[in-house]
Amino acid sequence: MMTSTRSKKLTRSRKEAIDCYVFMSPAIIGLLVFTLGPILFSAYISFTDYDILSTPVWVGLQNYVELFQDKFFWHSMKITFIYAGVSVPLGLVVALLLAMLLNQTLKGIYLFRVIYYLPAVISGVAVALLWKWVFNPEFGLLNWFLGLFGIQGPAWIFSEQWALPSLILMSLWSVGGSMLIYLAGLQGIPTELYEAAEIDGANRFRKFLSVTIPMLSPVIFFNLVMGIIGSIQVFTEGYVMTAGGPNNSTLFAVLYLYRQAFNYFSMGYASAFAWVLFLVILLLTLLVFRSSPMWVFYEEQKGGKKSKARGKTA
Amino acid sequence: MTLSSNLSSNAGVAPRPKMGKRLSDRLTAAFSYALLIAGAIVILAPFAWMISTSLKRKIDVYVFPPEWIPDPIQWGNYAEALTTFPFPLYTLNSFTIVVFVLIGTLFSCSFSSYGFARLRAPGKDLIFLVLLSTLMLPAAVTMVPLYLLFNRLGWIDTFLPLIVPSFFGSAFFIFLMRQFYMGVPKELEDAARIDGCNAYSTWLRIMVPMTKPVLATAAVFSFMWTWNDFMGPLIYLTDESKRTIALGLSYFQGSARSSPELHLLMAATIYSIIPCVLLFFVSQKVFVKGIVFTGVKG
Chain A
375 MMTSTRSKKL TRSRKEAIDC YVFMSPAIIG LLVFTLGPIL FSAYISFTDY
425 DILSTPVWVG LQNYVELFQD KFFWHSMKIT FIYAGVSVPL GLVVALLLAM
475 LLNQTLKGIY LFRVIYYLPA VISGVAVALL WKWVFNPEFG LLNWFLGLFG
525 IQGPAWIFSE QWALPSLILM SLWSVGGSML IYLAGLQGIP TELYEAAEID
575 GANRFRKFLS VTIPMLSPVI FFNLVMGIIG SIQVFTEGYV MTAGGPNNST
625 LFAVLYLYRQ AFNYFSMGYA SAFAWVLFLV ILLLTLLVFR SSPMWVFYEE
675 QKGGKKSKAR GKTA
Chain B
4 MTLSSNLSSN AGVAPRPKMG KRLSDRLTAA FSYALLIAGA IVILAPFAWM
54 ISTSLKRKID VYVFPPEWIP DPIQWGNYAE ALTTFPFPLY TLNSFTIVVF
104 VLIGTLFSCS FSSYGFARLR APGKDLIFLV LLSTLMLPAA VTMVPLYLLF
154 NRLGWIDTFL PLIVPSFFGS AFFIFLMRQF YMGVPKELED AARIDGCNAY
204 STWLRIMVPM TKPVLATAAV FSFMWTWNDF MGPLIYLTDE SKRTIALGLS
254 YFQGSARSSP ELHLLMAATI YSIIPCVLLF FVSQKVFVKG IVFTGVKG
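Residue numbers (this note's numbering), protein chains in the order written: chain A, 375 to 688; chain B, 4 to 301.
Treat each hint with caution, since some may be false.
Unchecked claim - Across the chosen pairs, the derived CB separations fall in these ranges:
#: 1; chain 1: B; residue 1: 34; chain 2: A; residue 2: 460; range: 22 to 30 Å
#: 2; chain 1: B; residue 1: 191; chain 2: A; residue 2: 455; range: 34 to 42 Å
#: 3; chain 1: B; residue 1: 110; chain 2: A; residue 2: 442; range: 39 to 47 Å
#: 4; chain 1: A; residue 1: 464; chain 2: B; residue 2: 95; range: 38 to 46 Å
#: 5; chain 1: A; residue 1: 663; chain 2: B; residue 2: 66; range: 51 to 59 Å
#: 6; chain 1: B; residue 1: 284; chain 2: A; residue 2: 471; range: 37 to 45 Å
#: 7; chain 1: A; residue 1: 455; chain 2: B; residue 2: 66; range: 57 to 65 Å
#: 8; chain 1: A; residue 1: 577; chain 2: B; residue 2: 190; range: 48 to 56 Å
#: 9; chain 1: A; residue 1: 569; chain 2: B; residue 2: 68; range: 20 to 28 Å
#: 10; chain 1: A; residue 1: 520; chain 2: B; residue 2: 78; range: 29 to 37 Å
#: 11; chain 1: A; residue 1: 527; chain 2: B; residue 2: 82; range: 31 to 39 Å
#: 12; chain 1: A; residue 1: 535; chain 2: B; residue 2: 207; range: 26 to 34 Å
As the list claims (entries may be wrong) - With the C-beta cut set under 8 Å, the calculated list includes, among others, these residues of chain A facing chain B:
#: 13; residue: 412
#: 14; residue: 413
#: 15; residue: 419
#: 16; residue: 439
#: 17; residue: 493
#: 18; residue: 497
#: 19; residue: 507
#: 20; residue: 635
#: 21; residue: 638
#: 22; residue: 639
#: 23; residue: 649
#: 24; residue: 652
Hints are computed from structural coordinates only; laboratory data are not their basis. Positions of the beta carbon are idealized from the N, C-alpha and C atoms, including for glycine.
With the hints as constraints, model all of the structure from the sequences given.
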C-alpha cells in the first residue's frame, strides 16, 4: 500500500518534471543555441586568427596582446567610459527630477506623462537623424535657440571637442524610459512615511533625503545597472550621426568592434575585444551590486527603514 | 524640494485649512506647470521642427532664422521621399519581420514562462537564473559567433537571423510573463485539472486567456524594438531590396541620390516613426503599465 502511493507520487512528479522541461524547452534551446553556445565559441575564436574565409588559426593570447597595444582600443574605451560616466549619472538625476515633477495630481498631468515618454518610443536611427540636424551649426534648431539669447553655439557634432558632449546631451532627451520606472517607484512609496516624517517636523528637503531617496533606492539601483549596461554598448548614434568622428572623438567601443568584425573581418580580434568589454561590464555591475547593501533598501527592510527615517528626523 | 512636498500632499495627507498653505500650494502648482510646460517644449520642439522641415521647399529649409510654418506647404515631399528609395518595400520588409517576431516571441515566451512559473522539475531554478543572467550579457559578445553561425547556415541576407531566435524565447519577456503567471490564482488551474485538462490545455485555456494584458504589453514592446532595431539588419542584410525601414533611413541620409535634401529626409523619418507613435497612442495604457510593472519587479 505504502509503496504503491509512493510510486504513484513519484510518477506524478516525474510526469510534471517532463511537462516542465517540455514547456521550458524553447527557452532552453534558445539559451544553448543563441547565447551559451555563441559565448563559448566567441571565447574560442578570441584565441584564433579568423577571417571567415579560411579556417581559424590558433594564436593563443596574441589578439589580447595586440588589443592592449592598440591605441584605438584604449581610445574607444576612454570615449565609452566618458560617455557612460557622464550620461548615466546625469540621466539618473534628470529622470528622477522629471518623475517627481510628473508624480503630482495636477490637471492634465497624464498628457504631460505621455509627452515626456514620447521620445523613448522612437529610438535608433530616426532619433539619431533628427538630432544630427538639430545639432547642425549653421541652421540647426539648437544654435538657433541659443542665438535667441545672443549665444554663438559651437559646431556640436562637427567639432572634435563638442561631439561627445552633444551625444550625451541628446541621450538626456530620451530619459523617458527610466523616468517612467521612477514614477512607478514613487507611486509605491507608502504615504504614512511622509506623514510620519511631517509629524517629526521634517521639511521638504529632509523628506526627500530621508524618505524618497531610501525608498526609491531599489529603483535607482535598477536604473543604474541598466544604464551602465546600456550606455557602454552605445552604437547607433556613433554609427549614424558621426561615424565615429570628427577625428575619432566619438569612436565608441562597440563601433570600433563592429568595424573590426564586419569591415576588416578580424573575427578573432573582435571576439577578444567583445570579451574584454564583457568583463568590464561584468566588473562594473558586480561593483554596483557589491555596493548595494550600503545604499539599497529592499521590501523586507521597509519597517526598519521607516523607523530609521523617523530616528533621523527626530 | 517643493516636489516631494507636493507628492505627499497629493498622496493623501489631509490639506490644512490654512490660508497660507493653500496659497503656497497654488504657487507650487503654478511653478510645476511652468516647469512642465518648459520641459514639454524642449521635448516637442525637435518633433515640431521635423514636421515643419518635412513640409518645406528645398530652398526654404536653410532659411535662417527657421520659419516654423512652411509657406507654401509641400505635401508632395512625402510622395517624393517615399519614391526616392523604395520605402514601401522597406516598410513591407519591416512588417514581415515584425509579424514573425511577434508570433515567435508571444508563443515561445508564454509557453516557456508557464513551465518556469508553475511546474516543478529538477534544475529549473538554475536554468531560470542562467536565463536571467544573460540579460546582462552585452550583445557584442554573441555578435560575431551568431554571424558565423548564420553564415554557415546560409542565412545571411535573409530575414531568418532576425526572426528565428524569437521562436526560442527571450529572457526579458519570459521574466515579465512569469511574474504575471505567478499571480494567477492556483484554484483556476486546479479546477481545470479536475475537469481533465493536462498541463498543455491548462496553459492554453486558462493561462493564455488570463494573461492577455501581459501578452499585449510584450507585443507592443516587441513591435517597437524590432521596428527600431538597427544593428541586427545592418549586420545580416546586404541586399538593397531586403532593407528594413531603419536601415533604409540610414542609407537615405548619406546617399548621393538624396543628400543633403533635408526636407525629404525629414519626411522619410516621420514616415518611419508613424507606426510606433500610433501604436504608442493606441496602447499607451497597457504599454505604460507594462513598463511600470517591469520597473518595479526588476
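Worksheet item: What are the numbers of the hints that this structure violates, sorted from low to high?
Response: 2, 6, 7, 9, 12, 16, 21, 22
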